[in-house]
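These protein sequence lines map, in sequence, to chains U and L.
Per the numbering used here, residue 381 is the first one in the first sequence, and the count goes up by one each step.
Per the numbering used here, residue 1410 is the first one in the second sequence, and the count goes up by one each step.
Just so you know, these hints were derived from the structure itself, not from any lab.
None of these values were measured; they are calculated from a predicted model.
Treat the hints with care, as some may be off.
Covered by chain U, per the in silico footprint, the following chain L stretches (three or more residues, Cβ under 8 Å) [to be verified]:
(1) 1507-1516
(2) 1551-1558
(3) 1658-1671
To list a few chain U residues with every Cβ distance to chain L over 12 Å, as calculated [claimed, not checked]:
(4) THR424
(5) GLU430
(6) LEU442
(7) PRO448
Partner residues are not named here, just some residues of chain U that face chain L (Cβ under 8 Å, in silico) [unchecked claim]:
(8) THR422
(9) ASP423
(10) ILE483
Positions of the beta carbon are idealized from the N, C-alpha and C atoms, including for glycine.
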Amino acid sequence: MWGAQRIGGLAVGAATLFIPLAIGIDSQAQTPAQIPAMPLLTDTPQYCVELSNEVEEDRQALVSPAPPEVEQLAEEGRRLCALGEVRGGIARLRRAVVLLHEISGRS
Amino acid sequence: MVARAAGLGAGIAPRRPPASPVAPRVPAHPRFLHSAALRFAAVYVLLFGLSALALAIFLWWQTAGVLDRETDNAITADVQSLAVRWNQGGLAGLIITIENRLAENVDDNAIYLLVDPRLQRVAGNLAAWPTSLPLDRTWAELPIERAGIRSLARVRRYNLPGGFHLLVGRDVQVRAELRDLLTGALLWALLVVLVLGLAGAVVIRGLFRRALADVSATAAAISAGDLSQRVRISGRGDEFDRLSETINEMLERISRLMDGVREVSNAIAHDLRTPITRARSRLEDAALHARTETDLRAAIERATADLDGVVAVFQALLRIAEIEAGARRSAFAPFDLAPLLADLVDLYSAVAEERGISLKLQSPERLALFADRELLQQAIANLLDNALKFSPPGGVVRLSAEVVSGMAAISVADRGPGIPSADRARAAERFFRGEAARHTPGAGLGLALVQAVAQLHGGSLVLADNLPGLKAVLRLACTAEPEARGEPKAMPKGAQHEAPAADT
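Pulled out of the complex, with its shape left as it was, chain U reads as follows (with noise of 0.2 Å):
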C-alpha cells in the first residue's frame, strides 16, 4: 500500500511538472490581455498603396511586358485594398512583387 502510495504521489508530482513544460506554459512567455497589442504596420491601408506603387515601378522597369497574371494580381490587390479588404489585397499585391522579382532576377 506504502508502495502505491509513493509511485502515485510522485506521479502526481511528474504530471504537475510535465504537463506545463509539454504545453509550454511558461509564465514569462505567456501575454497577458493587459499588454497592449503592436500594430503591423504591413496590415494598413497606406502600405497596400506603397506596395501598389513598387509594383508600378517594378513593372515598368521591366524590358518586357509584364505576364497577364500580374496586372491581374495587382488589379485584384487593389481594388481589395479599396474595399476594405486590406490583408487580402496586400497578399495579392505580394505575390504580384515576387513575380516581378523572379522576373527582373531581384529575388
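We have chain U already, so just place chain L on it with the hints.
Using the frame of chain U, we list chain L on its own:
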C-alpha cells in the same frame, strides 16, 4: 504440586501460565482502503494513466512541439541571413533587405523591426520597440494587432554593432490556436483515459476478488471440517491455477496425514487391544491361580513379552509417523549403497542358510546415494525379512540394485506365495495383513515403513508379481553422482553372493 504450593506458606499464589497472545482476527470483508484488490486496481489505473500521459506528451512534442521548433528555426535562419546582409551592405543594405522581405512576404507572417541605439524605428513593420520586451531576453512572445484583430507573434532580438537592435519574428497565432486545440484535446483524452482506467480497475478488482473467492471459500469449508473440498482450477494454466494446484496438493497431503492418523487410531484400538488384553489376562490369572513363585514369574515374563510386542509396534508407528512428517531429512548424507547391501546379505545369510534358502546379491561395485543410511538399511532389512519369512525351503531370494534414469532401484524378489494383485494396493497400509500372512508373526507395519522411507526419499515402493512370488522394488530419487545415473553398469565378477542351500 498443590501440596508443594501449600508448603510454601500463605500469601504465595500459584503462578498462572502466561496467556498466549491471540492474533487479531481479519474481518471477513476488509475495509475498502485495505483491500488488496483495490491496491491492484489502483496500480492498474496508475500505470494506465502514466502510459497515456507519456503518450500524450510524446504526441504533443511531435505535433505542437515540431511546429514551435520549425518557427524558431525559421526565425533564427532569417536573423542569420540578415546579419550577413548587415556585414555586407551595412545599415542601408539591411534596410533594403528588410523592406524587400516584407514586400515579398506572401505568407503574411513576417515581423521585422530595426531600431537605432535610441530605440527609434529605422525599418520594419512594427512602429516602435515593444516596451514589454526586456533587452536582456533573446526570445519572447509579443501580442500584435492585425487589421484590428489581436494576434500573437514570436520574436527574437538580435543586437547589431553600433548599438542597433534587430527584432525578427513570425505571426504564430494560427499555431498557437492549433497548440491550444491540441492541448485541449489531449487533456480531454487524458480525462477519457482516466475514466477508462477506472473502469478497467473495477474490472481488475472484480477478477482479482473472484479469483480469490474460490480459494477463500474452499479454505472456509475446510476450516469448518469438510476436508474433501478442493479449490477449483479454471484450466487456463495461469498463476492462480498454479496456486490452486499447490493448495490442492497441500490439502491432499493433509488429508492423507489425517487419514493416516485415523487409521493408526483405529488400528491401535483394534489390533493392539488384543495383546494388551492378553497380557492383562495372564497377569490376572497368575494373581488368582499361581501356586508357586515359578508359575508367577513365568506368567509375568509372558505378559512382559506381550507388552514388549506392543511397545515395538508403537515404536514402529512413531517411526513411520516421523518419516512421513519428513523430520528425518536432516539425516541425509552421501554414502555408498553397495557395502550396505553386502552387509545386509552377510547379516541374513545365516537365517537364509538355516531355512535352506539361497540368498543372492546383484549390485554394482559402487552406487552413490544421498539418503538416510539408517532408514534405508531398515527398509531393505524389512523387505529381506519378509522375503525370507515367506520363501519356501530351497527357494531363492534375490537382492539387487541398479540405477536407471537417475533413480536408484533396490529390489528384493522371492519365490514365495506372493501377494494377490487385489491386495497389492493395500499391502503397504498400516496393520494390513494378507491371507498368506495370517499365521506368521508380525504386526503388518513392515511394508508401511518401507513405503514411508521411499516417499521420504522422493521415490516409491512397487510390488510386482515375480512369477511366482513377490518382487518388491524400492525406487529412490536420491542418486548423488552423475556416474551413478544413466544405464546400469555391468555386473563385475564376484559381486554375487550365494548362501548354500541346506539340502544339496
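Each hint tested on the structure:
Against chain U, the stretch 1507-1516 of chain L contributes 6 residues with a C-beta closer than 8 Å to a partner C-beta. That satisfies the three-residue criterion, and the hint holds. With a cut-off of 8 Å between beta carbons, the stretch 1551-1558 of chain L has 6 residues touching chain U; three or more are needed, and the interface restraint holds. Counting residues of the stretch 1658-1671 of chain L whose C-beta sits closer than 8 Å to any C-beta of chain U gives 0, which falls short of three, so the coverage hint is violated. With a minimum CB-CB distance of about 9 Å to chain L, THR424/U fails to clear the 12 Å threshold, and the non-interface call is violated.
At roughly 8 Å from the closest C-beta of chain L, the C-beta of GLU430/U falls inside 12 Å, breaking its exclusion from the interface. No beta-carbon of chain L comes within 12 Å of the beta-carbon of LEU442/U; the shortest separation is about 16 Å. The beta carbon of PRO448/U is kept farther than 12 Å from every beta carbon of chain L, the shortest such distance being approximately 19 Å. A least Cβ separation of about 4 Å between THR422/U and chain L falls short of the 8 Å threshold, and the interface hint therefore holds.
Taking 8 Å as the C-beta cut-off, the interface hint given for ASP423/U holds, the closest approach to chain L being about 5 Å. This hint is violated: ILE483/U has a C-beta 13 Å from the nearest C-beta of chain L, more than the 8 Å allowed.
Figure legend: structure checked against the earlier numbered hints; hints not met, in rising order: 3, 4, 5 and 10.
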